Amino acid sequence: MNRSFHKSQTLRFYDCSAVEVKSKFGAEFRRFSLDRQKPGKFEDFYKLVVHTHHISNTEVTIGYADVHGDLLPINNDDNFCKAVSSANPLLRVFIQKREEAERCSFGVGSLSRRRRPLALREDGPRRRTHLHIGLPHDFRPVSSIIDVDILPETHRRVRLYRHGCQKPLGFYIRDGTSVRVAPQGLEKVPGIFISRMVPGGLAESTGLLAVDDEVLEVNGIEVAGKTLDQVTDMMIANSHNLIVTVKPANQRNNVVRGSRALGSSGRSSDSTASRHSLPTAHVLQNLPPDEMESDEEADVVLEGVLEPRLVPRPPPGSLARVNGAGLAPGLHSPGREGSVQRLLSSLRSDPRHSLALPPGGVEEHGPAVTL
Amino acid sequence: MRRFLRPGHDPARERLKRDLFQFNKTVEHGFPHQPSALGYSPSLRILAIGTRSGAIKLYGAPGVEFMGLHRENNAVVQIHFLPGQCQLVTLLDDNSLHLWSLKVKSGVSELQEDESFTLRGPPGAAPSATQITVVLPHSSCQLLYLGTESGSVFMVQLPAFRALEDQTISSDAVLQRLPEEVRHRRAFEMVEALQEHPRDPNQILIGYSRGLVVIWDLQGSCVLCHFLSSQQLENVCWQRDGHLIVSCHSDGSYCQWPVSSDTLQLEPLRSCVPYGPFPCKAITKIFWLTTKQGLPFTIFQGGMPRASYGDRHCISVIHNGQQTAFDFTSRVIDFTVLIEANPEAALDDPYALVVLAEEELVVIDLQTAGWPPVQPPYLASLHCSAITCSHHVSNIPLKLWERIIAAGSRQNTHFSTMVGLAPAPAPPQPRARLAHELLRHLLQEWPIDGGTSLAPAPPQRDLLLTGHEDGTVRFWDASGVCLRLLYKLSTVRVFLTDTDPSESLSAQGEDEWPPLRKVGSFDPYSDDPRLGIQKIFLCRYSGYLAVAGTAGQVLVLELNDEAAEHAVEQVEADLLQDQEGYRWKGHERLCARPGPVHFEPGFQPFVLVQCQPPAVVTSLALHSEWRLVAFGTSHGFGLFDHQQRRQVFVKCTLHPNDQLALEGPLSRVKSLKKSLRQSFRRIRRSRVSSRKRRPAGPPGEVQEGSSRAERTGLQNMELAPVQRKIEARSAEDSFTGFVRTLYFADTYLRDSSRHCPSLWAGTNGGTVYAFALRVPPAERRMDEPVRAEQAKEIQLMHRAPVVGILVLDGHSVPLPEPLEVAHDLSKSPDMQGSHQLLVVSEEQFKVFTLPKVSARLKLKLTALEGSRVRRVSAARFGSCRAEDYGEHHLAVLTNLGDIQVVSLPLLKPQVRYSCIRREDVSGIASCVFTKYGQGFYLISPSEFERFSLSTKWLVEPRCLVDSAETKNYSRLHDRSGPEKASGRARNSGSQSDGEGVLKEIQSTLEGDRGSCGDWRSPRVAVGYSLSNGGGCS
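Respectively, the protein sequence lines represent chains S and X.
With the first letter of the first sequence counted as 1, position 254 gets the number 254 in my numbering; the numbers rise by one all the way through.
With the first letter of the second sequence counted as 1, position 983 gets the number 983 in my numbering; the numbers rise by one all the way through.
If you're looking for bench data, these hints aren't it; they were derived computationally from the structure.
Simulated restraints on C-beta separations:
no. : chain 1 : residue 1 : chain 2 : residue 2 : range
1   : S       : His54     : X       : Arg856    : 43 to 51 Å
2   : S       : Leu186    : X       : Glu14     : 39 to 47 Å
3   : S       : Ala27     : X       : Met782    : 54 to 62 Å
Owing to the predicted nature of the structure, the values given are computational and were not obtained by experimental measurement.
Ideal Cβ placement from N, Cα and C applies to all residues, glycine included.
Go ahead and model the full structure; you've got the sequences and the hints to work with.
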């Protein structure tokens, strides 16, 4: 699962070796500084923090605001290091009691303007114990290669995460012809290919998809026999959690597995031969189904919005909420920090609401979000 | 994890599905697209029309219809019935001949192709040697004479198409038997006419294109006589007794030649250029028909003065000093005259002229003075102005039905009833004036009445309303096999347009020459495209009708049985609501006619709401109980109280970044490159799938085989590098504010204890707005204003356009239509259990609880199949086994042309059928579902295909044509004709829908309500249409 972020991890060096830290716990905050070059160990930092805030007896989690405004955790040496090195110039640290923190978890958009946090983290009933190893908690996943163990080596199943990422998905597909091995010999069949990458787009930045890769499946549904428009519609309908299985045009970077040669590199169409994709009953084997469900973006319901054209601001009782499978029930009650954040993030993500809510209404709504 | 259960493994459910669902394309309504040939059998009294796509359609009495499709997709050039037989021969433009026959199978006639044949010449002969120009079926029914371009007449034996090569009448053979002086200049000319002697089957007439006509003795193989004209021959007609020949020529003249044993005729008896003396166009076909009065009917096509009327499509009728040139708005394909069928009769006595024009069928009554047109019971030109939208209303109450028919009958007074010679109907009874009118309208006799319709009387009265580009709405009786025009409503009167609508067709001067008379209704030219009708909503209980158009106009109309003159109240709805900085660059709004306007009986507008900006109305809903009408455009939606004539509210749905929606359709920037690419792609597609209709065979469920065939088709085709961008939808996309659907519901919007009226709107951007309404009680309805308050706004995160909204009651049954419960036609909805909200977007079906909108269930369509919802409508599917068992489900049409049934409320896909070609965008856009599982879509601009998803509600032709039956048949306009005809129909149990309705009307007027009880069962549960936008798709 470890991917392309390694190169971005190179530390930058600033003239000033000291990093200013503003640490906030509840309403109170402390300021101190750290050495940028030698930030030290996470454990020491943790002790320092609980000490400065006089909360040594409580279990807390520590997070920081990264350059994107996302709330990311500090729970090991690596991400501590990253936090310090990316401070520009101020490192804003947020401390939460552990039980609180678990409800309103880290992730993209959890701090500010973007949408829901993504579902990779432990959440709700499926919570496991925290593994304080270098899990990619502190990074925004943008893509992953999945199902390596069940796919032939010639194929690659790529998952693109679009949440919170402002980048466009950014690729184009086209019709084409693909050569298959059939009992009668080679056979030309129509296929769908990636035709273009948008520079700076998500697809390009992952490096996992390339021009002329043949698209074999979209979220587990074979594209064979489907038109370009159908495949386009399927991809767009799945754009919040797009999983494409491709046969890369460049077969040299394939994952090589030692003994289990599942597919010889000459074959191309066999990966899904055993699975007859039944539209309604389809699952990608390797993904826990509830993860797929919870991953889905939920609809936003705004209640009791304004009397049309009369009232300039929302009535006090108005609230927004998000419904969907993946939410813990506690979040629905108004006033909780989490749901307000959600409300705001959903409102902000959708400037259309400015027609209904007067400008400034969002900021006015609660002190909880003056970040 | 419901969706991981594999569906369809419950055998009981599978059995039930078989009882409920079945897919059939049943009838094609309307006028065949691109007709290319006409045939008529006087003995069967059946008309045949061939089309350029290779279809042949047979029409007899109303309800008697057959359709056949040649395997080759070649145009049908000629159709000939074999005399007295249930067989016909077609000639295609690939020079192939096909023999079709009507065979009786299990009591019902079926049209099938028996044989096909292509004429082969001797080896080495030029292709023109066997290019067939004329076909003559011999009266013996054993032989077919084929005139060719080379001038030879070939003989082919039927039914096996065995060529009798030794009997070919070559032009050389004919020349050798001609006198020397004619012989030298007559080589290699094509056969233009072949006619059998009316009395003597041994003689045939052969007309050659350069003007030579010979009468050939088949037994003696000799020329009996010949006629030589100086002009190119176009066609020949043989007088019934065989004593006279009338030939027509390319210079616009026709000549009469007496047939006598003197072999040589140098000069015609009489030659005439009817529209001379200036050069005229050719007369391409002529009829010379004898009558009792002694004076013949001369009927011919063409011959108009070339310079001034050469572009007219005319057929002239000359009789007894009268002459009329019927002027058709489209090209005349062919025509025929209905005459005495009995070959023994001495006189032709023509009674009707049947003209197949390119866009319509026109029948002229030749027996009534003035030769009025007859309104055909079928083959209606749906596209007389282009169809812009359609709306179907099932199960019309009798009262409304009668009133619409009554209004329509007043519009049809110019049509002949063809009952002139029938005994006068009994004097109208005092209270039956209306019935008398209806009688007149319905008793109109149709001269083409062959065959017997065995189809059961339609189970209910259905209306199909079509909106047209010229601002008219046409009301069609869609109950049975014949789609018949009941009433036409024009909204033009309300507006000031450039042209004066009162300019009528009769503006022709009295003594003008040629005596042109416009006939037919095909008029594709619209005065003003803004008049086009985009949305229609009819309340079948109250008679309120809402009609909305291209320039943001919304009219509310009320049915009035009397003519009236009143002013239409105008209101402007500003959908932008003070949003600054927007500039509408589209069309201007229509100008309403000030002051009182005269309206004929029928639907009369009383309120005009004009949306501002005047963008096309994209959705419309009417609630006749609350007296509210809701309308939406690409800018927002509004609610209007048509009782108090007051606007309740407007809501702007625009996204501020959406410039396209603001500027209007005219300024829409479209890349030329892109549009060129698209059109090339379209051309390529259409070339690949040029077969419009699928070959015969039951249209089955989507099969693997077809997709394989398609794949191999793709293989052969050069794939174009067309690419598509993959990008998630965002709020900033264009036209997100476009209102796709509006829906009224009385439901639990705010809390679960009180239900209230509500209005729901769905947009292109995946937003659903819900407004709680407060409608004052009836007694204070005029005193208190209707209030509205926004209660909910749902943003679907997948942001796909919302195409349908529906509320299900506590029993998961769609809420009834307004006034339905009040009229005891539906059970009251269950207001105890919790209501559910169904939102259908192009990509997903989603059920939410009410009043707390939380997602309960969903069915993803696009993510799994790559198809999108184009049309959705709730329908009740009755079981074919259990009389009163039925289920409510959603009928869904996707952008791939598939039709699916999705269950309610669990959203399980039930069945899927492929119905429309995916390339047929206009077909898919035109689809309407009925509330009982049938539907219509346009297969051409002029034809609706009717299909059925239900096993129970199936309207299809079932008819019997028997050649023996017609043997002793007597002509309609003999004195005993109509009585006999109708008597026969009644005895055989057949009821054309007109008669059925009539009977019922009579029984109602007599106060005998019991007899029509079978029309509507007291417990009819009805389906619910989801108001469905679609103007943009």
